[in-house]
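**Q** Dock chain E against the given chain D, drawing on the hints supplied.
Number of protein chains: 2
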Amino acid sequence: MSRMAGKQSVMFDRPVEILSHACVAGKKEGEGPLGKKMDVIVEDPKFGKGNWEEGESQFLKTACEIAMRKGGRKKEEVRMAFCGDLLGQMIASSFGIKDLGIPYYGVYGACSSAGAALALAAMAVEGGFADTALAACSSHFGSAEKEFRFPLGYGNQRPYSATWTVTGAGAFLLGSRPETRRREEAQKDGKKEAGRRAEPAKKKKRKVKIRGIVTGKIKDYGTADPFHMGASMAPAAADTIYQALEDFGRVAEDFDCIATGDLGTVGRELLLDLLKKNQVDVRKNHVDCGMEIYSTKEQDAHAGGSGCACSALVLSSLLLPRLESGEWKRILFVPTGALLSQVSANEGRTIPAIAHGIWLEQEGEEECM
Amino acid sequence: MSRMAGKQSVMFDRPVEILSHACVAGKKEGEGPLGKKMDVIVEDPKFGKGNWEEGESQFLKTACEIAMRKGGRKKEEVRMAFCGDLLGQMIASSFGIKDLGIPYYGVYGACSSAGAALALAAMAVEGGFADTALAACSSHFGSAEKEFRFPLGYGNQRPYSATWTVTGAGAFLLGSRPETRRREEAQKDGKKEAGRRAEPAKKKKRKVKIRGIVTGKIKDYGTADPFHMGASMAPAAADTIYQALEDFGRVAEDFDCIATGDLGTVGRELLLDLLKKNQVDVRKNHVDCGMEIYSTKEQDAHAGGSGCACSALVLSSLLLPRLESGEWKRILFVPTGALLSQVSANEGRTIPAIAHGIWLEQEGEEECM
Chain D
27 MSRMAGKQSV MFDRPVEILS HACVAGKKEG EGPLGKKMDV IVEDPKFGKG NWEEGESQFL
87 KTACEIAMRK GGRKKEEVRM AFCGDLLGQM IASSFGIKDL GIPYYGVYGA CSSAGAALAL
147 AAMAVEGGFA DTALAACSSH FGSAEKEFRF PLGYGNQRPY SATWTVTGAG AFLLGSRPET
207 RRREEAQKDG KKEAGRRAEP AKKKKRKVKI RGIVTGKIKD YGTADPFHMG ASMAPAAADT
267 IYQALEDFGR VAEDFDCIAT GDLGTVGREL LLDLLKKNQV DVRKNHVDCG MEIYSTKEQD
327 AHAGGSGCAC SALVLSSLLL PRLESGEWKR ILFVPTGALL SQVSANEGRT IPAIAHGIWL
387 EQEGEEECM
Chain E
27 MSRMAGKQSV MFDRPVEILS HACVAGKKEG EGPLGKKMDV IVEDPKFGKG NWEEGESQFL
87 KTACEIAMRK GGRKKEEVRM AFCGDLLGQM IASSFGIKDL GIPYYGVYGA CSSAGAALAL
147 AAMAVEGGFA DTALAACSSH FGSAEKEFRF PLGYGNQRPY SATWTVTGAG AFLLGSRPET
207 RRREEAQKDG KKEAGRRAEP AKKKKRKVKI RGIVTGKIKD YGTADPFHMG ASMAPAAADT
267 IYQALEDFGR VAEDFDCIAT GDLGTVGREL LLDLLKKNQV DVRKNHVDCG MEIYSTKEQD
327 AHAGGSGCAC SALVLSSLLL PRLESGEWKR ILFVPTGALL SQVSANEGRT IPAIAHGIWL
387 EQEGEEECM
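First to last, the protein sequences are chains D and E.
According to the numbering used here, the first sequence is numbered sequentially starting from 27.
According to the numbering used here, the second sequence is numbered sequentially starting from 27.
Only chain D is shown next, with the shape it has when bound in the complex (with noise of 0.2 Å):
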């Protein structure tokens, strides 16, 4: 049986395996410092389809039958997807997911997005509701810039707090135990043919698990700016990573790496300040995707990237692989996201936010901690 920890957290007796994963980036995003560790970068912003939401829906699809290939599963066999985006009534997901036939929820936490698919994913494996399931999101400078800010033929000045939304979009792979074992013994009589035609060893990948998960609460300090949403984000993401270690019973010093979503240059102060205040300090080993998905000067992307595809392309481009390569044992991944929308933002109300937490883990971690 799974269980609840402390207030807002669940701990999974089974931990729940991340199968495979992949990313899909825009041209941007590919000349940036994790260009290289992207499945695919696709220069055209339209991916080949008539307009960007059209072609965010394809970078969608597209991370989604790359993560199915590399996990070794035809889309039949995938029993749930959770997906989410940044577009009105998430038009990018459900025309990104359409075609492939899977059974389909759609979640919303908008940066924080893939948070929540990958918590909701992780929860229906470890319950036993699906034995693959896949958590994907998306997101796209142009359809964003055009569903939250200004046309972008306006060619507005962006202050230095602004982040730059992601193009691209990441999916995850998540299947239980027991499936795993029985596709791997499947495989091994795969491999043994594959040796045949001498192909290259691979240097073995360790497993990674999703072990636990911290559902964000709404946290709204007031702030109204969009163009500074960081400012937003922030004490959602102090509030989880706080309630993370108090539910897990951990010390920050117990992860590798706490990994925010897209607070950018300031926001990542403002956290830093938020916790230290509740005596936390996790300056030494936090890293914000959005700081780390372009060379933000070199790039002109100001504060750092944002949007759903922000935190799950780094994730998928270089949080998972340093669990792989076991460089890192144990990660907090805290995806951000600012709760606006236009019509919101129009009416002049505040930006509430969420953060969502997942603790992911090295196999076999749990036995020697």
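Just so you know, these hints were derived from the structure itself, not from any lab.
Note that the structure is predicted; figures quoted are calculated from it, not measured.
Using N, Cα and C, we set each Cβ at its ideal position, and we do this for glycine too.
Hints are not guaranteed to be accurate.
Stated by the list, open to error - With a cut-off of at most 25 Å between alpha-carbon atoms, the simulated BS3-like pairs for lysine-lysine come out as follows: (1) D:Lys172 with D:Lys75; (2) D:Lys33 with E:Lys100; (3) D:Lys53 with D:Lys323; (4) E:Lys33 with D:Lys101; (5) E:Lys33 with D:Lys100; (6) E:Lys230 with E:Lys355; (7) D:Lys33 with E:Lys101; (8) D:Lys33 with D:Lys302; (9) E:Lys96 with D:Lys33; (10) D:Lys172 with E:Lys172; (11) E:Lys233 with E:Lys62.
To be verified - Covered, in the sense of this in silico footprint (three residues per stretch, anywhere, with C-beta under 8 Å from a C-beta of chain E), are these stretches of chain D: (12) 29-39; (13) 69-80; (14) 125-136; (15) 140-150; (16) 155-161; (17) 369-380.
**A** Leaving out everything else, chain E in the frame of chain D:
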């Protein structure tokens, strides 16, 4: 352990109880045939707030508060909330739930959101991830017309295939059985005391459980008319109903009622036809929530009601009471959603749709089957 049923369903080994539910309706809904069964009718479309969107959030918040009060739960005792609405970036839900401070996941399935929220909340409870979970959703005629169609002041004519977005919100509090038993024991003591105050004896309500769920697949038959959404949604509803019967090994007659969300008069005929082509006849036990909420002719609602609140209000005011009274034993609740947005409609794209299925049953029924 829970188990996967058939291709895309879940059958719970320990069915999840609906501890309580609440329906808060707008003026027009209060004037309809179910008006007397609503918990609250709010005449002011802004619910005392500054605009429709804030009003809608207030509907949602109020429904959640009533459900928690009826279920004898404080907000601190609710482990997770799953909410959805029709507005861009789901501001009705996030602004509605934020002051309650409940850990939260945004769920999007357009007008099928009640089904998605109930399914996810039920999985959270049955998996042991939450002892109490809240599923809620809202919609609003004013905010929806603004979001999807024309400014109300423009006074456009609506074709007879168009539906009327329901103003209101429904909330459902789900709990696990052992937790319920503990609670009931605690309540027994309280009841004795109430007895001393000579309260009138109430007719005993039967408990209703969620016994299984069907996660919907997106269906797109290529329709693109936002004034005829019944046509877009009928194939999704037919698919989910057909799959539910297959996965659960049932025939349509096993259910006292199969209730779709908001197909309306036109969509209903399409549904019946589609199912008949697959040798499934639901004509006798089919109900469409959109056709129940208004006296369509007298209230000028054309094809019927729609919106997330349509199926939620009808579930809380009509369907669950019939299960609780013993009139019905078993129903299949199938809210339907059209996954369009203003942007996708303006781009001339089709309207994909989805429907999720919830198998609801009187307590004790499973033993007699």
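**Q** For every hint, state whether the structure bears it out.
**A** Hints, verified against the model:
1. A C-alpha spacing of about 17 Å is found between Lys172 of chain D and Lys75 of chain D, which places the hinted pair at or below 25 Å, so the restraint holds.
2. Between Lys33 of chain D and Lys100 of chain E, the direct Cα distance comes to roughly 14 Å. Compliance with the 25 Å bound is thereby established for this hinted pair.
3. With a C-alpha separation of about 17 Å, the suggested pair Lys53 of chain D and Lys323 of chain D falls inside the 25 Å cut-off, and the hint holds.
4. Between Lys33 of chain E and Lys101 of chain D the alpha-carbon distance is near 12 Å, which keeps this suggested pair within the 25 Å criterion.
5. A C-alpha spacing of about 14 Å is found between Lys33 of chain E and Lys100 of chain D, which places the hinted pair at or below 25 Å, so the restraint holds.
6. Restraint check for Lys230 of chain E and Lys355 of chain E: satisfied, since their Cα atoms lie roughly 15 Å apart, inside the 25 Å limit.
7. A C-alpha spacing of about 12 Å is found between Lys33 of chain D and Lys101 of chain E, which places the hinted pair at or below 25 Å, so the restraint holds.
8. The straight-line distance between the Cα atoms of Lys33 of chain D and Lys302 of chain D is roughly 21 Å, inside the 25 Å bound, and the hint therefore holds.
9. Pair hint Lys96 of chain E plus Lys33 of chain D holds up; C-alpha atoms about 23 Å apart against a cutoff of 25 Å.
10. As the CA atoms of Lys172 of chain D and Lys172 of chain E are separated by approximately 18 Å, the hinted pair is consistent with the 25 Å bound.
11. Distance check on the hinted pair: Lys233 of chain E and Lys62 of chain E sit about 22 Å apart at the alpha-carbon level, within 25 Å; holds.
12. Closer than 8 Å: that is the beta-carbon criterion, and the region 29-39 of chain D has 4 residues meeting it against chain E, so the requirement of 3 holds.
13. Coverage of the region 69-80 of chain D by chain E holds. Counting CB-CB distances below 8 Å, 4 residues qualify, and the rule asks for three or more.
14. Taking a C-beta to C-beta cut-off of 8 Å, the region 125-136 of chain D contributes 10 residues in contact with chain E, enough for the three needed, and the coverage statement holds.
15. Three residues within the 8 Å Cβ limit are the bar, and the region 140-150 of chain D against chain E gives 5, so the coverage statement holds.
16. Residues of the region 155-161 of chain D with a Cβ under 8 Å from some Cβ of chain E number 3, which satisfies the need for three, so the listed coverage holds.
17. Chain E is given as covering the region 369-380 of chain D, and this holds because 6 residues of the stretch bring a CB closer than 8 Å to a CB of that chain, at least three being needed.
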